[in-house]
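Peer 1: Each chain is listed here by its residues.
There are 2 protein chains.
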Amino acid sequence: MIRIAVDCTGGDNGSAPIVDAILEFLTKNSDAQIIAFGKKEELTKLEGKAEIVDAPDIVPMEAGPLEAMRMKNSSIFKMSEYAKAGKVDAMVSAGSTGGFLSLSTLILKTIEGVRRAAFVAPFPTKIKGKKVVILDIGASNENSPEELAQFAIMGSLYSKYIFKVKDPKVYLLSNGTEEGKGSPVGKQAYKLLKENKEFKGNIEARNALSGEADVVVCDGFTGNIFLKSSEGMAKMMSGMIKGAFKRSIFSKIGYLFVRKGIKEMTETMDYKSTGGAMLLGINGVVVKAHGNSDQYSFYNALRVAYELADIDLVSKIKQEIK
Amino acid sequence: MIRIAVDCTGGDNGSAPIVDAILEFLTKNSDAQIIAFGKKEELTKLEGKAEIVDAPDIVPMEAGPLEAMRMKNSSIFKMSEYAKAGKVDAMVSAGSTGGFLSLSTLILKTIEGVRRAAFVAPFPTKIKGKKVVILDIGASNENSPEELAQFAIMGSLYSKYIFKVKDPKVYLLSNGTEEGKGSPVGKQAYKLLKENKEFKGNIEARNALSGEADVVVCDGFTGNIFLKSSEGMAKMMSGMIKGAFKRSIFSKIGYLFVRKGIKEMTETMDYKSTGGAMLLGINGVVVKAHGNSDQYSFYNALRVAYELADIDLVSKIKQEIK
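For the record, the sequence lines run as chains A and B. Counting in our numbering, the first sequence runs from 1 upward without gaps. Counting in our numbering, the second sequence runs from 323 upward without gaps.
Derived from the structure by calculation, the hints contain no laboratory data. The structure displayed is predicted, hence computed values, not measured ones. There could be a bad hint or two in this list.
[Unchecked claim] Just a few of them, taken from the derived set where beta-carbon distance is under 8 Å, the chain B residues facing chain A:
{"no.": "1", "residue": "Glu384"}
{"no.": "2", "residue": "Lys452"}
{"no.": "3", "residue": "Gly504"}
{"no.": "4", "residue": "Phe579"}
Every residue gets a Cβ at the ideal spot worked out from N, C-alpha and C, and that includes glycine.
For reference, chain A alone in the conformation it holds in the complex (with noise of 0.2 Å):
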């Protein structure tokens, strides 16, 4: 039986997708359990079906971890209590991605021997149906080079077991391939990282999504700007190919030849069937949804949570980092 704390508040969508989703993961994996946390009112749905508990507070999303540890009735606060006492596996939100990072962190506590947690995403890659997982991605501002030689650690143990690759082959994020390449902490990064058998060395940002890395390591400030980038740029993209096919009546019945094409590529794309993003290095599992998540998108979420916890990859992390 895996537990799972789900936050329903705290998403742009309201509780009514989040609520679908925990139904439709509870008609499909009937080893879950689910601990419902927001305002009662709004949970009517999941009566009989999953335990709910009262968390009538939103933190709100600019919220710093001082302003979000004095939200003692909020959703996340609240699940971050029951993951510490040990009553829930796995916690879910789509809420304040800053809040519900720090709480868990300052509650769960980092695993002895973890340095810093990361935040961490698998993205696409040129591949199809090959993900690559890039961390950290904003758990922090800045990192030493002893905390990225930790994340090519962690992120190789997310590669092998969530997505079965045998010897995973980690990659320095850089502005350049050559060692020698790279920021003033990545340059020492680098020369921690040549102990690690997995380490392939400096890969650039226009190759990260090429399929070659199954992981890449970079500082969180630097992993926030490579995350945004893409995703600018995947957006203004879009909008473009969107605004192509809008032109004319011609235009629209072009779209209906290659829709199948173009639905392939919005799938490959599509970051509501990666489930999000996951804390890595604290002890328990914590997956942040995506803000606007819609019930597929946190169905993903819940699922992603579940194999975390099934696996128990913080036990993992426990024994390598040791």
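On the provided structure of chain A, position chain B as indicated by the hints.
Peer 2: Relative to the frame of chain A, chain B by itself:
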């Protein structure tokens, strides 16, 4: 009369497209004079039309500054000497970026008061025809807050004089919009930038190309990550779009209906029309054309070099920084 030194070697496609671009440029700009550097025997088509300087050596793509400084028969070394002696008003090369930037900086020196030169490129935005100036995109691996504050001034002058933006809006690339977000250097830079009345605050990478900003400031490592991740994503999506159209005879027919819109989109995204990247803050006009420049792309690099020299951006920077 604007005198432009042109490196006819070093591009990925050899000297032919560069020579053709020069001939086209001379036809269209009667007050331009070209001094062509390269292997004499490859430049016979230019005889009688441009001054030819024999410079048979090519600085390797990955050359460091010391190696580049030793190659005194290379085109970029000789061009930099011509520029230093005041024999040319601008320099254009499609060769080794590192070699070209480091040699021109070492020989021409930074403008008095300028702490560090910045490599700058105009990027397309969601707003048709509007470009955003982003700097530094890779002249440095790290920058001080004071350097970032100067990049804002240089970028704004570029936006004003080249893109004719009256009151450029300057932003700092960061991992969040609020003050207090950012890398340690970015946070310090924010404080200095607040003194600049064109400064509008932080911008996230996903909005850098939204058209909101005229100038985006960042350190060279971050700028390189931004540039290369945007490029990587754009290529990945272009490949997918092409794939979607090639699926079947029907999708190929579909393409006929949308090609006008797709053409407009690729034109917006086409880096070839921007004419490459410029090094700002040194005593000379230095334009780096893309390594794989074709005639059209190199022509645009010549055009940008001409404009920068004509407007005398170097003097404008001198005045503003003083």
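Peer 1: Provide an ascending list of the numbers of those earlier hints which the structure does not satisfy.
Peer 2: As far as the earlier hints go, only 2 is violated by this structure.
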